[in-house]
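Using the sequences plus the hints, can you model the full thing?
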Amino acid sequence: MKKFNFFLHRPLHVLVCNAAVCTQPWALTEDGLESTFQICHLGHFLLVQSLQDVLRRSAPARVVVVSSESHRFTDLLDSCGKVDLALLCPPKKEYWSMLAYNRAKLCNILFSNELHRRLSPHGVTSNAVHPGNMMYTSIHRSWWLMTFLFTLARPFTKSMVREKTSL
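Residues -23 to -1, 1 to 144, numbered by mature numbering (1 follows the signal peptide of the UniProt record, and there is no 0), are exactly what the sequence shown covers, in order.
In short, the hints are calculated from the structure, not lab data. Note that the structure is a prediction, hence the values are computed from the model and not measured. The beta-carbon is built from N, C-alpha and C at its ideal position, and this holds for glycine as well. Be aware that a few hints might be false.
So the derived label-pair ranges between C-beta atoms look like this [stated by the list, open to error]:
id, residue 1, residue 2, range
1, Gly20, Leu(-16), 15 to 23 Å
2, Glu71, Ala36, 41 to 49 Å
3, Gly100, Ala63, 34 to 42 Å
4, Pro98, Gly20, 21 to 29 Å
5, Leu(-16), Glu91, 19 to 27 Å
6, Arg33, Lys59, 30 to 38 Å
7, Glu71, Asp8, 17 to 25 Å
8, Glu71, Val(-8), 46 to 54 Å
Rendered as structure tokens:
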């Protein structure tokens, strides 16, 4: 976070939150949190919270949170239909890497929506975006099956370079 002190006294009109890992083995961070959740969501949350005053002073400003369509394949509800935040840091025996990723991406969308609700009156908008399906990146590098499937799909999808030109 110290690297971002550079921005504390300069205008910041666009902040893109795009850090992510997927299909990682279960691990806890030094903070005692499940690593996929911390990397994919809590890092973004902390960064935006730290720069919130800068964003307000820089208005108009925009926060773009890169999420994923995979958020649709999960929820944060227990068997009684109540929100269960313990699902975000499951014990090792209950961990499934894709589910952890999906839940973190759901949190990204919920966060972006709430951020927009709170900051839009101050000239700061927030949007959650889906980067596209089957884009070849190294996000799945720790799971051979996903790497293989993405490699097979690569000839039929846009590359990151071609995608930039369409923006």
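Quick check: which numbered hints come out false for this structure? 8
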